[in-house]
Amino acid sequence: MRTLFNKVLLDIAGKDPRIWMILADIGYGEIEPFRDAFPDRWYNCGVAEQNMTGVACGVAMEGNIAITYSIANFPTLRCLEQIRNDVCYHNANVKIVIIGGGLAYGPLGVSHQATEDIAIMRALPNMVVFCPCDFAEAEAGVHAMIAHDGPFYYRCGYKKEPPVHSGKIDFQLGKAIRVREGADATIFFTGTIGNQAAAAAELLERDGIRCRVESLHTVKPIDRAAIVAAARETGGIITVEEHQLAGGLGGAVAEVLCDEGVVPQRFLRLGLPDCYVSRVGTHPWLLDQYGLVAPKLAVRIKEYLRQPVAGASV
Amino acid sequence: MTAAERTEIERLARRVRGHCLRMTHRGRSGHVGSMLSIAEIMAVLYTRVLRVDPAHPRAPDRDRFILSKGHAGGAVYAVLGELGFFPQEWFQGYYRDGGRLMGHISHHVPGVEFSTGSLGHGLPVAVGMALAARHARRQHRIICLMSDGDCNEGSTWEALLFAAQHKLDNLTVIVDYNRIQALGMSKDVLDLEPFATKLQACHWAVKEVDGHDVAALDAALAVLPFETGKPSWLLARTVKGKGVSWMENTVACHYGSVTDEELARALAEIGAE
Ligand SMILES: Cc1ncc(C[n+]2csc(CCOP(=O)(O)OP(=O)(O)O)c2C)c(N)n1
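One line per chain: the protein sequences are Y and E, in this order. For the first sequence, the positions run -1 to 312 when this note's numbering is used. For the second sequence, the positions run 197 to 469 when this note's numbering is used.
The hints are simulated quantities; they were obtained by calculation from the structure and are not laboratory data. Just so it is clear, the structure is predicted and the values come from calculations on it, not from any experiment. Don't be surprised by glycine CBs; every beta carbon is placed ideally from N, CA and C. Treat the hints loosely; a few may be bogus.
Unchecked claim - One side only, chain Y facing chain E, incomplete, derived with CB under 10 angstroms:
1) Ala22
2) Asn42
3) Cys43
4) Gly44
5) Ala46
6) Tyr103
7) Gly104
8) His110
Build out the structure end to end from the sequences listed, making use of the hints.
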């Protein structure tokens, strides 16, 4: 997905001279075409993310679109106050791109896992939070990111993520995309974990459980109508994210439901528990360890839906 | 250092290189060039400088060693395994499902003081440990190994100003100055030169050394601090990818590891046992 991102960005930058790339010594094998095509709009700040973000903000304040780009937490948490005070407060046109959300960098370890980014980025006023699940969303998202005027967080995948959507997608920032029809419950996901969530729904269907599946690629602003409709029409809501449960997609969905006074019969958040992932392993292995692969998701959802309903209902 | 000691330490450095090549090959991981760059530094530190005990890895009076360039954790694991901090079978699980050794250095491994992986974190923490040691009137030393990439980060410069301000002479920095970072040569990205002069101007006591000469490293680190009342800064001139001809001085050796066929050639070139 990162290769696709860079290719699409390069294309757009050819037509839009406002686009700059401000880097922090990351992007080997990916960012060279941009550097070679637009050397006067490409800077490597070195391993210095705070400066990268400040510089990008200054460039953006002068009418340009500045892209910052690095691995996992480096362009976000490492320079969070620059993002908050400089970029978001001034509503500067800076696009923050991370490569490898969640556990994508697997055995590199805890420093390279972006597992709190969605919660933190969505807490910032003016910030759009976008997590594409596959190449179709990723490509449409680059165009939407450039068209949007203001701070934008883009959580990019790392490798050749398989498609989740079949055929062309009807993409709009802030609008959920339906992946599968069903009325027994709704599974909402965000980001590249989407293919596990969609595959889990397929497994559930073999057991006669038909779930609606929707991609909430934009976590902020979130598609409130889709969430309310899901609660009303399917009764149960399940969220799946490759992220800590605290403050992530599940939290965002719960906020909408409570705000709207729509309490579904069932509500289940699936994601990473409140701990650091210090086990050593590849991305698929780690996902399996934390129950975030299709067969394990399907079992957890099935067991949950089998339990009697407690509490209020829609 | 006697000739026999020197031979032993050089042998340890070769074994460290061998473990790093095998671990990154099995794990299909990167950063092998960054590990090869510090093999002699690791061997000298753990045999001649650091007061640490594999039987008591958390002994209160141990010297603290922090690897700030956490991506080269393999080289620290290699020397810790050699010294018996943990069984060498753990090398098999480096970077692999269910293993004990993750790519960036982890404090879950016996003998490892602190986890890093995001550059620019090591020195501020080392400074804090040095402050606390002085406050507690303890005699142990704090040694932090950094990279030139580490020295791009603002936090590194904030910490080094603070260390000098507070005259932390129980603190020593070693810079693995191989002059290559992730997207190119340091001089083309953020030139650190004149590096030694800059540090002197910041009130650090500075020495320079050939970072692959174990006798020279030993001599440089034999007496710490370099100067009473100042933190010590050792600029170790090194070669990224040292020992493997096609890796030496390349940016590419930051990424990927060796193929099956290359592994045998690389092990032969470094003189692995
Ligand atoms: C804060 C932060 N930004 C980016 C990275 C990604 N990264 C890993 S190593 C590296 C630079 C490599 O240069 P250096 O540290 O000098 O390498 P070495 O001398 O150890 O080979 C970068 C940018 C990181 N680990 N931490």
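Hints, verified against the model:
no. : hint   : in the structure
1   : Ala22  : holds (8 angstroms)
2   : Asn42  : holds (6 angstroms)
3   : Cys43  : holds (8 angstroms)
4   : Gly44  : holds (4 angstroms)
5   : Ala46  : holds (5 angstroms)
6   : Tyr103 : holds (8 angstroms)
7   : Gly104 : holds (8 angstroms)
8   : His110 : holds (6 angstroms)
Going through the hint list in order, the structure satisfies each hint without exception.
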